[in-house]
Every structure is written in C-alpha cells, then in structure tokens.
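Got chain A sorted already, so can you dock chain B onto it with the hints?
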Amino acid sequence: MEVVHPADLDEAVGALAAHPQATLLAGGTDLMVEVNFDQIRPETVVALRRLDDIQDVSRHRIGAGVTFRRLESGDHNALAQLARTIGSPQIRAAGTIGGNIGTASPAGDSLPFLAGLDAEIELHSTSGTRRLPWDEFFTGVKRTARRPDELITAAVLPEDLPDFQEFAKIGQRSAMVISIVAACVFRWRDGRTRVALGSVGPTPIRARRAEEMISQEADPGPAALGEFARLVSEEVSPITDHRGTSDYRRHASGVLARRLLERCLSS
Amino acid sequence: MTTRVRTPTVRDGVGVSTSRTDGIPKVDGTYLYSSDLYMDRMLFGATLRCPHPKARITRLDIGPAVAMTGVHAVLVGDDVPGSNAFGLESADQPVLATDLVEYWGQAVALVAADDPETARLAVEAIEIEYEVLEPLTDPEEADRRDSAFHRARCRRGPQDASGAVVVEGYYEVGMQDQAPLGTESGLAIPDGQGGVDLHIATQWTHVDRDQIVAGLGVDEDMVRVHHAGVGGAFGAREDVSLQIHLCLLALYTGRPVKMEYSRAESFVGHVHRHPAQLWMRHEADPDGTLRRIEARIIIDGGAYRSTSDSVVGNAVYHAAGPYRCDSVSVEGVAVRTNNPPCGAMRGFGAVQACFGHEAQMDKLADALGMDRVELRIRNALRRGDRLATSGQVIDTSAPVTEILERLRRMPLPDENSSDDPRLLPGGTGLTTSRPMVKRGVGYAVGLKNLCFSGGFDDYAEARVAITPFGVEVHTAAVEVGQGLGMACAQIARTVLGIEDVVVYYDDTSKIGSAGSTSASRQTQMTGGAVMEAARMARQIALERGGGDELDGEGVWKDGVLVTPMKDLVGRENIDYHTRFHHPQTDAPDRNGQGDIHVDFAFAAHRAVVDVDQELGLFRVVQIDTVQDVGFMINPRSVVGQIEGGTMQGIGLATLEEIVVEDGVIKNPTFTDYLLPTFLDAPPIEIEVIEEPSSFGPFGAKGVGEPPTVSSTAAVVAAIRDATGLELNRTPVRPEHVALGSRQPAVYSDC
Numbered sequence: 001m002e003v004v005h006p007a008d009l010d011e012a013v014g015a016l017a018a019h020p021q022a023t024l025l026a027g028g029t030d031l032m033v034e035v036n037f038d039q040i041r042p043e044t045v046v047a048l049r050r051l052d053d054i055q056d057v058s059r060h061r062i063g064a065g066v067t068f069r070r071l072e073s074g075d076h077n078a079l080a081q082l083a084r085t086i087g088s089p090q091i092r093a094a095g096t097i098g099g100n101i102g103t104a105s106p107a108g109d110s111l112p113f114l115a116g117l118d119a120e121i122e123l124h125s126t127s128g129t130r131r132l133p134w135d136e137f138f139t140g141v142k143r144t145a146r147r148p149d150e151l152i153t154a155a156v157l158p159e160d161l162p163d164f165q166e167f168a169k170i171g172q173r174s175a176m177v178i179s180i181v182a183a184c185v186f187r188w189r190d191g192r193t194r195v196a197l198g199s200v201g202p203t204p205i206r207a208r209r210a211e212e213m214i215s216q217e218a219d220p221g222p223a224a225l226g227e228f229a230r231l232v233s234e235e236v237s238p239i240t241d242h243r244g245t246s247d248y249r250r251h252a253s254g255v256l257a258r259r260l261l262e263r264c265l266s267s
Numbered sequence: 001m002t003t004r005v006r007t008p009t010v011r012d013g014v015g016v017s018t019s020r021t022d023g024i025p026k027v028d029g030t031y032l033y034s035s036d037l038y039m040d041r042m043l044f045g046a047t048l049r050c051p052h053p054k055a056r057i058t059r060l061d062i063g064p065a066v067a068m069t070g071v072h073a074v075l076v077g078d079d080v081p082g083s084n085a086f087g088l089e090s091a092d093q094p095v096l097a098t099d100l101v102e103y104w105g106q107a108v109a110l111v112a113a114d115d116p117e118t119a120r121l122a123v124e125a126i127e128i129e130y131e132v133l134e135p136l137t138d139p140e141e142a143d144r145r146d147s148a149f150h151r152a153r154c155r156r157g158p159q160d161a162s163g164a165v166v167v168e169g170y171y172e173v174g175m176q177d178q179a180p181l182g183t184e185s186g187l188a189i190p191d192g193q194g195g196v197d198l199h200i201a202t203q204w205t206h207v208d209r210d211q212i213v214a215g216l217g218v219d220e221d222m223v224r225v226h227h228a229g230v231g232g233a234f235g236a237r238e239d240v241s242l243q244i245h246l247c248l249l250a251l252y253t254g255r256p257v258k259m260e261y262s263r264a265e266s267f268v269g270h271v272h273r274h275p276a277q278l279w280m281r282h283e284a285d286p287d288g289t290l291r292r293i294e295a296r297i298i299i300d301g302g303a304y305r306s307t308s309d310s311v312v313g314n315a316v317y318h319a320a321g322p323y324r325c326d327s328v329s330v331e332g333v334a335v336r337t338n339n340p341p342c343g344a345m346r347g348f349g350a351v352q353a354c355f356g357h358e359a360q361m362d363k364l365a366d367a368l369g370m371d372r373v374e375l376r377i378r379n380a381l382r383r384g385d386r387l388a389t390s391g392q393v394i395d396t397s398a399p400v401t402e403i404l405e406r407l408r409r410m411p412l413p414d415e416n417s418s419d420d421p422r423l424l425p426g427g428t429g430l431t432t433s434r435p436m437v438k439r440g441v442g443y444a445v446g447l448k449n450l451c452f453s454g455g456f457d458d459y460a461e462a463r464v465a466i467t468p469f470g471v472e473v474h475t476a477a478v479e480v481g482q483g484l485g486m487a488c489a490q491i492a493r494t495v496l497g498i499e500d501v502v503v504y505y506d507d508t509s510k511i512g513s514a515g516s517t518s519a520s521r522q523t524q525m526t527g528g529a530v531m532e533a534a535r536m537a538r539q540i541a542l543e544r545g546g547g548d549e550l551d552g553e554g555v556w557k558d559g560v561l562v563t564p565m566k567d568l569v570g571r572e573n574i575d576y577h578t579r580f581h582h583p584q585t586d587a588p589d590r591n592g593q594g595d596i597h598v599d600f601a602f603a604a605h606r607a608v609v610d611v612d613q614e615l616g617l618f619r620v621v622q623i624d625t626v627q628d629v630g631f632m633i634n635p636r637s638v639v640g641q642i643e644g645g646t647m648q649g650i651g652l653a654t655l656e657e658i659v660v661e662d663g664v665i666k667n668p669t670f671t672d673y674l675l676p677t678f679l680d681a682p683p684i685e686i687e688v689i690e691e692p693s694s695f696g697p698f699g700a701k702g703v704g705e706p707p708t709v710s711s712t713a714a715v716v717a718a719i720r721d722a723t724g725l726e727l728n729r730t731p732v733r734p735e736h737v738a739l740g741s742r743q744p745a746v747y748s749d750c
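Chains A and B, in that order, give the protein sequences.
Going by this note's numbering, the first sequence opens with residue 1, and the numbers climb by one from there.
Going by this note's numbering, the second sequence opens with residue 1, and the numbers climb by one from there.
Okay, chain A solo, but in the shape it has when bound (with noise of 0.2 Å):
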C-alpha cells in the first residue's frame, strides 16, 4: 500500500489525477471502519490532514478538513447541534465535514444542514475547480457525482442565510448513535422555511410541500403547524432496517420537523 502525503492542493489533485483510484483519507473515521471490516484493501491512499488549504471555516464556506470537533461553535446554531450528536469526542476530533460529505451515507449527520440550506459542494482537481449542487452531488446510498481525479475542497453556503436554524436527531440511546431520523429546519423572518431530513431516504430529503405551505404562514397556528408534520411525513421515503421501522420513521419526521419548526418560531 502506497500512502501519499500531500503538501498541498496542487500536489494533492496531482496524486489524485495520478492514482484515480485512490483512497481519500481524513479523518479515517469512515475509511477505518471498512479496512478493518476488510470490505476495502486501498493501495493507494491520498492523506489530506496536512493541506491547510482546506481547513478554514467562515460564514459561508466551510473548509471540507474542518474537524466536527471546530463545528461545535460557530457561526451555525444547527451545524454546532449536529456536530455535538456526532460519535464520541474522539470521532468529533478526527472526523472531517468533508469525509461526512464524501462518504454519503444516508446517516450523514451534515446532510440535512447542507440540504436544507441548498449549499454547493466545491470540487477541485487538476482541470479546475467546479461547485455542484447538493442534491445534484449526492445521488444514492452512498454515491455522489465527485469524479476520481476530485477532491472535495469546501461546502459553500448561500448569501442568504437563515434567522433561524434548528437540528435534532432521533437515536436510540442518549450519545453515540447513528440516527433513524435526523431533521433540520430553517427560516426566516419573512416566513420563508426550509426543511431536510436524514435517514429517510437514499439522500438527504427535502419536505418541498410542506416548506411551501409553511412559507405561506406568517404565525402557523396549531392547525398549520399539524399540516406541516404530516405534509413532511409524506414526503420522506424511509426504509425498515434495524435501527427502525419505516413507519416510525415517517411518524418521527413529522413530529421532529414540527418541533423544530416551534423552536425557530420561539426564538
């Protein structure tokens, strides 16, 4: 196994375009768990811990090697409360957004922040730099439409940002729990909202209708906020596996996404 140590991005995209087969390695806390449950051998892996070049994080653009560890605190009261559920203090301090974002699982705990905020996902590699959108880049378990020869470099986030912004994810034990649902809402003060949720489909979701309905609702009302949840409920496409049933799972979008909708109402 060959192990390259980039300086930075220009030599990182040339190992890249040189090893398109290449494995990405940041944090390792995806890419361990399937070297040591022997699904990948890499022979050639790509680490990226030393490029500063993708460690800075403002406002609107969020380096893809920023630990979840820096996300705790910041600029985004919902990328600070995801960051908190993610692993232990240990995976937090290793893990990156970006491998969060490479990896695509359908659990990715900064997929429905990324969703919901209709964020870019900048890629860099010897021919240029081009950004996508989420939900043009993530497309299925697991798949994204990042080429080989592309490195993940930042999530850029909108001009317009929200006033408010609320994460919850439901576990079944208190810490350290990969989520059978996660939410994210987001709204402004002109009533316009936003909700995406995870672990309820291949990719994280976005509940169109009931962000439309909602958006109509200066003041939603009991009757506004229950059409809501139910509106969610049925735009999520959740699967039965072990962690829960399809049917909580719809049950629990509705419920999570009101919730959170009360808080932003209540700040």
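Please note that a few of the clues may not be correct.
[Claimed, not checked] Where chain A lies over chain B, by a calculated footprint (3+ residues, C-beta under 8 Å): (1) 361-373; (2) 613-623; (3) 723-736.
[Unchecked claim] Here are some of the chain B residues that sit facing chain A, going by a computed Cβ distance under 8 Å: (4) 116; (5) 120; (6) 264; (7) 422; (8) 428; (9) 430; (10) 431; (11) 659.
[Said to hold, decoys possible] Partner residues aside, some chain A positions facing chain B, computed with beta carbon under 10 Å: (12) 170; (13) 172; (14) 174.
Calculated directly from the structure, the hints in this document are not laboratory data.
Small disclaimer: the values here were computed from a predicted structure and weren't measured.
Even for Gly, the Cβ is constructed at its ideal location relative to N, Cα and C.
Below, chain B without anything else, positioned relative to chain A:
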C-alpha cells in the same frame, strides 16, 4: 517472649472495602488481558465461518490456502484427531463442521499463519461451496415440530384452583448479548511432547480442559489450561469458543498460536441470552392472594444445546417469582432452531421469567384496584414458605417484604430534575424538551437461585498454605473482574488472622476444579473452600504451635506468643487442600418437585423513567434497589456488582438486542448493538439487607445475578406507567411507544 492484648481483627479482612491487586493495573492500562499475550515465533489463527444459517458443505478445497507463503496450517473437521464434538452439558456441536452447517457463522476451517493479515487472506483463499438449505428460525414452529432440546415442567398443588380475578398476558424478551469488552482471545503453547498449555480468557478452566482433551484425543494431563486476564464474561465465556481451535493449531504446527476475535466475530463466536416467549395467567382472590399461576415458556436455544436445558429449567422454576402460591402449572421448552446458539448469561432464565411475572403482578394489581407494591407484599415469600414452583421449603434468608418496604421508602428524585437536554429523552439529539415528558415509576422484584443445583454435585477445590513468607491461597477459580481473588484473600485473612495473603490462580494440572465462575456461586463455593481450608490450616497451626490463637507473628497461648512464625513453618509449610461441597440438592421429579435449589437471593428495583411518548423516546432518570446479600465480604465490590448488574438489566430494557432475521445477525457491531453509554446510566441508590445465608462464608450470598433479574422489568414497568401502553416486549423500541404496543396479548392454554 511477648505479652500483649491481642487486637481482635486483622487488617483488610472480611467486611472491609479493601482494594484489589488488579485494580490499578486495569485502570492505568498495564494489566495483561488474554489479548495482550505474546510469544516469540507465535502464529496467528483465523476461522472460516459459514455464511448461511443452514447449509450442506458440497466442496471444500484448502489447497489454495495451504499454498500461500506464510501459512502453516489449514485444518478442517477431518483433521480433528479426537472427537469432533464439544458442548458444555453435552457434546453436540462439531469443533469444525464437516457436512451440515446449522447456524450463521459456524466454524468450518482454521488457519495458522505468520501474521493476522495472512491468516485472514488464507481463510478467504479456502474454496468452499454450499448447498443452501431452508433454516428453521421460528421458535413456535420449532415447538410444533417438536424440535426441542428439553421440556421442563412444574406442576404443584390442586390443578383446579381458581381466583375471582384473572389476568393473562403474553411477553417477549429479545436476544441480549453479554458484550464483554474483551473479545475471545488466547494463546496456545505446545510443550514439545505432544501436550499444550492454553492461556485463555474463560470462566471454567477444567471444563474447557475436558472438552479440549476430547477434541485432541489426548490424556487429561497433556493439556493445561491457565486462566489469562479476562475482559468481562457474564456467561459468554462458559462455553468453548476458540479453546479447542487454538490447541489444534498449536499441536499441528508445533508453534505457539494466538487467536483474537474481532468484535463482529465475537458476536457469532459465543452464545447469547435466550430470547423468550412467555404466556402467563394469574388468578387471585379479591384481597390479592394468589390462587393459581399458569405459564408456558418457549426459549430459543438456537442450533446447539449449550446450557439450554438448564436455562429453560431455571425459567420454569422462577416463573412464579418470589411469591407464595399453592396451585401452579408451568411448562417450558428450549427449542432447537437454526438461530445463533444461546446459553449462559447473567440471570440464566430468571431474567426472562421476571419480565413476565412482574408485568403480570402489575396487571393483577390494576385489575384488583390495589397498590402494585402492596399486592407484591401480600404474596411475598418468607423463610419457611414453599417455592411456588418446585415446592421446596425456603430455608435461607428471604426478606422479600423488607426489600419492598425499604425500596418504597427510598426518596424519589425531584419531579423536574433538569432541563439539560442531555438528561432528557433523546439526549444529545435534542429531540425533546421538558414539557413533552411524562414520568413513570415502576417496581419489580425477583429472585435468583444460587450455585449449581438440581442434583449436580457442585464443589470447589482450594488450597491454603502458611509459609514463612505469608499465606498462599491456591484456586483454579476464574477471576472475571468481579473481585473474587480479593474476596478469597479477605476470607483467608480473617480466618487466619494473618494479613499477608497472596492468591494464586493455578492451572488445571495443579489443583482440581473450582467450578464455573457463574451462577453467582464463586463467593459461596470458592470462598467457602478457602474458608474451610483456612480453618483447617489454622487448626493445624494451633496444634503444631501449642496455642489458642494465630496471627502473623505466630501462635499465641493465653495472650503470649508461644511459637513465632519462623518456628511454626520454618521447616515445613502448613498446607491444607480441600474440596468444598454445598448441601446436596435433588434432581426434580417428573412434576419438577423436590429440594432442587440450594440457596436463593432476592432483589427489587424501582425505576423512574421520563418518556417522550410522541417520539417514543425514554430515559431512565433514576433506579433504586434493595438486595438481599447475606453478608458483604467487600462492600465496595457488592455495590459494583449491583450497579453493573442493574445497568445490564437497563440495557435489556432499553437498547440491547441482537437482531436476527432468518437466522442472520443484522447488528454484530457496537455501532448497532447499542450498549448504554455514561449518559444513559442513571444514579443508582443501593440498600442491602444482611441476613446470613444458609451456607456461605460469614453468611455471604452470591450477588452477581440478582440485580440483573428485576431491573429490566422495573424499567419497562415505569415506561408502561408513564404511557399506559401494554409494552409486552423488551427491549422497548421507540416505535413500540410512539406507535403503540407491538403484540396483542393472546393466551394459549398451558
């Protein structure tokens, strides 16, 4: 000569929370667990396992693996020189499957190689083909087809007794894993003369040895089993896992061989707690007096027998709980399926029974309009009563009423304990705020038989030697982390009056069996053996020294030191070796009647649980317990056992289940087999009742299992109390609470 007033007690004797010699090394990381063993030139073993719950091996070619560089052995069933069969109670499982494979993950072939990676690649290189067969995975179907290891029954009293108030229920208990943090591991070292020394994390070295020599086809003295550092056991290490495999590879290669299971392999490498289905019917007078108890119990033994016969027997004996009732009918069956084999786990059938009978007692109290604790007290067993199932007279302390009275009087936590989201249902997931929470309180009380019984000749050997350098205690008992060695040293100190005691864990060639570290038995059995040997050693010392008292200085007479230690044992040690038996028990008659059990311990829990019913999330806020412990040889260790046992019960109530679909384990990782974290662990207030047992040292009773028996039932009772739901299955899952109970109560005739 010295004259003085003797101090009546020795330092660090019984009743004191002494520290353990293995305590600091375990905390600072220097303790050697079985997985830390290392030897120059050692090879690494790996196991080929079947990926089907039932299949026939149609082709097996080890050639490609044998040809690999660095591979030193590839062994299949035909290479087992002795009997290709092992098992704890009967040898029904092949060491390596040769034809039929009966469960997912069953061992088929072994490899020894220079390094773990090569061993793993060699396992993959073995060419094997299967004819996949239809597995039997439904326990009720297995019962109908009479695919059963054992049927047990208790029938007592007039069978037509009845009460005015009747409640029925159906209950299910999921398959819990012992989940010891140390996976199976060991090191086998050939002695160059056809024998082998095995260093292994186990619970019972002698019975491992017996199964190994059968597999190797060698004499008993050719195999010496040494107990290596054990990273938790809880029943998982009572059955053989890699013991025979390691010895086969070591003898074949002539090299030391190490094996260590991964976490995923560990989930198929040891037996689990039996999942259970229970149908129960209770009848009582309007004043709450129990008149009739009927139950039918199915436990799923999986593909091989292990201890299923004993577990179903235990479930049957415990089915009525710690209550008086003179008309009982309980039928139990351990079915044989193609699910993962199940065997011993802390509580051993009593856990499953308690989940049923305590739900029934709550139901009955509600039907009677009676307080739930009051109903239990009204029917509580007392010393001198007959156990409802086996009919034997309880001649040990049985403070069930006092346990419940004291538990009821313990203070409840504040109503609104905290708004910290981490302490609410959903925890760090931020799902729930305080106003969405309803609080429930649940009580449960259980009992657990102690030691091996049912006519089994249960014994433990120990040797106590007084030497010029202090006292040696020798035992083959396995210290699994519970503090047995420390307790033995405390017993020896108190009996001998000598502080300087060292406990030696002898291998199987040096001393006879101490029995298994299980059934809450070692404090009473090995502790009892140490006490007996120490008493005899003291007697010899007094005779040899011509005095009436013994301590570290020597033998005293009338307050005068007459024989200093260097004279007492300067030429010859005092050495006493004993085999301690507990009082004899009966095998059950055909109705399950007789003096079957030797001793019992009782415990009750009160759980306080906050529930977010809309999302089905819950958090145990506090759990309090009162336990009948006989006498506390080491109070801190008793508290440790009660806290740990209680948490294991909370795990079964809230999280822990091996999910099996069509014979395949869906969650063989700690990512998906969820154990409680620190955040899920509530405060536990503990009170103990010290009433001497009938035969334990200083009146001690085993304390390991009782806290696991009733905590699960108490937690689920509290969730029922908060939600009003039936919740007849444990562990409770969010969908059961949010979307309603899982199963309607359907009663089948007993």
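Consistency of the hints with the structure:
1. 361-373: Check failed, 0 qualifying residues.
2. 613-623: Contact hint for the stretch 613-623 of chain B vs chain A: holds, 5 residues under 8 Å.
3. 723-736: n = 3 at 8 Å, threshold three: holds.
4. 116: Result: violated, 11 Å to nearest chain A Cβ.
5. 120: Holds, about 7 Å.
6. 264: With a minimum Cβ separation of about 7 Å from chain A (threshold 8 Å), the hint on residue 264(B) holds.
7. 422: holds (7 Å)
8. 428: Nearest chain A Cβ about 5 Å off; hint holds.
9. 430: Holds - the Cβ of residue 430(B) comes within 8 Å of chain A, reaching about 5 Å at its closest.
10. 431: The hint holds - residue 431(B) has a Cβ within 8 Å of chain A, the shortest such distance being about 5 Å.
11. 659: holds (4 Å)
12. 170: holds (6 Å)
13. 172: Hint holds; residue 172(A) Cβ to chain B Cβ min 6 Å, cut 10 Å.
14. 174: holds (3 Å)
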